[in-house]
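Starting from the structure of chain A, add chain B where the hints point.
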Amino acid sequence: MRGSSPASSVLALEVKNLMKSYGAFPGVWDVNLTVEKGTLHGFLGPNGSGKTTTMKCVMGLLRKTSGLIRVFGEEPLGDAIRMKKRVGYMPESPSFPTYLKGREVLLTYGRIRGGSDEGRLDEESRSLLQKVGLADAAEKTVGKYSRGMLTRLGLAVALLGRPDLLILDEPTEGLDPVGVIQVREMLNGLVSEGRSVLLSSHQLPEVQQMCSKVTIVNNGRTVTEGSVDDLAKRFHGGVVYKAEFDSLSPELISKLKKIDGVSEVEVLHDNVIRVFVSKDYDLRVFLARSASEYGSLLLSCEREEASLEELFLSLVKESD
Amino acid sequence: MWAVARYELTWDLRKKRTYLIVGLFLFTAFVLGYLVPITAGKSVAEGQTQLGIIFGGGLWWVEVAYMAFNTFMSGLFFLFIGGFISADSLASEFDHNTAVPLLSQPIRRAEVYVGKFLAKIILLLVVSVLFTLLVLAASEISIGAQAQMDMLPLLVFAEFGAFLEFAALAFFLGSFARSGEMVLGLLITVFIMITAVVLVLGLKFGLQESMFLIPVVNADFLLNVIPYYIVQPWGVMVLQGYALGAGPTVPVTVTVISALQYVLAGLAISVLTPLAAGYYFFRRAEVKE
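Quick note, the sequences are listed as chains A and B, same order. Numbering that gives the first Met the number 0 puts the first residue of the first sequence at 0, with every later residue one more than the last. Numbering that gives the first Met the number 0 puts the first residue of the second sequence at 0, with every later residue one more than the last.
In short, the hints are calculated from the structure, not lab data. Worth double-checking, as some hints may not be accurate.
[Said to hold, decoys possible] For lysine-lysine, the following DSBU-like pairs were computed, each having C-alpha atoms within a straight-line distance of at most 35 Å:
#  : chain 1 : residue 1 : chain 2 : residue 2
1  : B       : Lys15     : A       : Lys143
2  : B       : Lys14     : A       : Lys139
3  : B       : Lys287    : A       : Lys130
4  : A       : Lys130    : B       : Lys14
5  : A       : Lys15     : B       : Lys287
6  : A       : Lys100    : B       : Lys15
7  : A       : Lys130    : A       : Lys84
8  : B       : Lys15     : A       : Lys130
9  : A       : Lys139    : B       : Lys15
10 : A       : Lys143    : B       : Lys287
11 : B       : Lys14     : A       : Lys84
12 : B       : Lys14     : A       : Lys100
13 : A       : Lys84     : A       : Lys36
14 : A       : Lys15     : A       : Lys84
15 : B       : Lys14     : A       : Lys143
16 : A       : Lys212    : B       : Lys287
17 : B       : Lys287    : A       : Lys139
18 : A       : Lys100    : B       : Lys287
[Claimed, not checked] Covered stretches of chain A, as calculated for chain B (at least 3 residues, CB under 8 Å):
#  : segment
19 : 57–71
20 : 106–120
[To be verified] Sample of chain A residues at the chain B side, in silico, Cβ under 8 Å:
#  : residue
21 : Asp78
22 : Ile80
23 : Lys83
24 : Lys84
25 : Val156
We put the beta carbon where it would ideally sit given N, CA and C, even for glycine.
Isolated chain A, as found in the complex (with noise of 0.2 Å):
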């Protein structure tokens, strides 16, 4: 590895403009991602984005077309053994030698990571079995793994030989809810510990709840990087007021739009809005008196933060 940057002492990983093509055909064009140290860092984008391709080139399973790569500070070079001896990746849906046991297959890749102590292995093994639930699972061919049990094992897997920064694509895949509450519960406690993680997800309200920066990605570009907060507070203000009328006339519903620091007004059903606001103020005051002036009355007013998936969906359409 080479390349060691002092302003990149902080950070666990650290992409460049990416850009990954198979041929004429684009696979990333310009990804951009920062993941600092001790951190839980969501990746967001719709299927096909670019989140796998770039994961998949920050290990080395793909060849980077142009862009910059940095681990701890360095740039991978040919196998990259010291970068992956600090990183555990899980792909989306991970595959396993089906004739393996699952406590083979960690032992099987914990041989070829370089552990020589058997024992110690062995240990190893059992301990993150049990980590992941599969403990009672550890002397079944992985053949006989459902999908859920594949990702669980996956986990395993890249929890080997106690990575520094953890790369995972949809590891709650599969999973029932206690398994994605336990895999939560998990990556929470690596964090703890000081280790980073990348984790690439659909489950939205998840990544809102467990991540404190996300980076989005559409159409192989970065759309944004943030913490969560800030991102819901540059779309819009972070405030959304939920408000329901006795009546909703489409002069209200344009008198409300002219309200100082309205962006959007969104008709929800029969007599209930969305109200996103810009600026972080009480609007109650406001809906109530234009609902008056228009012959109405507000029944309800509740305020709600701007959710992820609202900010992601947002996001993605404008990216467009």
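Just chain B now, with coordinates in the frame of chain A:
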């Protein structure tokens, strides 16, 4: 590298295909070593053979383990064992997406490649030993005591070398085809195509002798080179060819080399070249799915 070899061997030993192929050919050893002499009579086993000219004496076990396969059939024999056992070694990693967890580990691709081939070396050496011993045992039972036991390592290594030829070819094909089924198809196609070309050219121009220089066809190259080296390591060999032209073809001496050079050339052409070419593709292989 040893961890990869162990991983590969475990896989091989748990595959039905391995047992089917090895079992089939150990059964062939039994048929040729035991059933043929019993059925056809000792005269077949005691007849003058090509081996008799080289080594003296009609040795049935030697005949079966070595020269009985010195035909198109020998190519098939080594293709089935060496080639088919190795066909999905690299390809299935890409076929089944297991290349992702494997190549994400902190290990050089060269170690993965060599480790996998090392597993084939171990497996094919065991198959060579088992096959030769089974032929010897079957011949002992069917037609009595066999002679020239000092040829045992020679025969084992000759078979082993020929197996490696096809294993290396399978690694080469697997590293860019990346599909087990495609590698099997390509192996068979290459084998049939070259054999057909050799047959046509050999019959038309009388080039049968020169065809010994073509690996793959019937595994003659290493099958002949290795024993020759073991028997006469510091001897010399005259490589002969035929001059082609508008007039009649005439035999000409191409060159004279030492047996050592010959065996090294044999190994280089038949094993190391396809292996190195395969590594070139494997080194550059991307894991897209």
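Right, here's what the structure says about each hint:
no., hint, verdict
1, Lys15/B / Lys143/A, "holds (17 Å)"
2, Lys14/B / Lys139/A, "holds (17 Å)"
3, Lys287/B / Lys130/A, "holds (30 Å)"
4, Lys130/A / Lys14/B, "holds (31 Å)"
5, Lys15/A / Lys287/B, "holds (21 Å)"
6, Lys100/A / Lys15/B, "holds (17 Å)"
7, Lys130/A / Lys84/A, "holds (21 Å)"
8, Lys15/B / Lys130/A, "holds (33 Å)"
9, Lys139/A / Lys15/B, "holds (19 Å)"
10, Lys143/A / Lys287/B, "holds (25 Å)"
11, Lys14/B / Lys84/A, "holds (31 Å)"
12, Lys14/B / Lys100/A, "holds (14 Å)"
13, Lys84/A / Lys36/A, "holds (16 Å)"
14, Lys15/A / Lys84/A, "holds (22 Å)"
15, Lys14/B / Lys143/A, "holds (16 Å)"
16, Lys212/A / Lys287/B, "holds (28 Å)"
17, Lys287/B / Lys139/A, "holds (29 Å)"
18, Lys100/A / Lys287/B, "holds (26 Å)"
19, 57–71, "holds (count 5)"
20, 106–120, "holds (count 6)"
21, Asp78, "holds (5 Å)"
22, Ile80, "holds (5 Å)"
23, Lys83, "holds (4 Å)"
24, Lys84, "holds (4 Å)"
25, Val156, "holds (6 Å)"
Violated hints: none; the structure is consistent with every hint.
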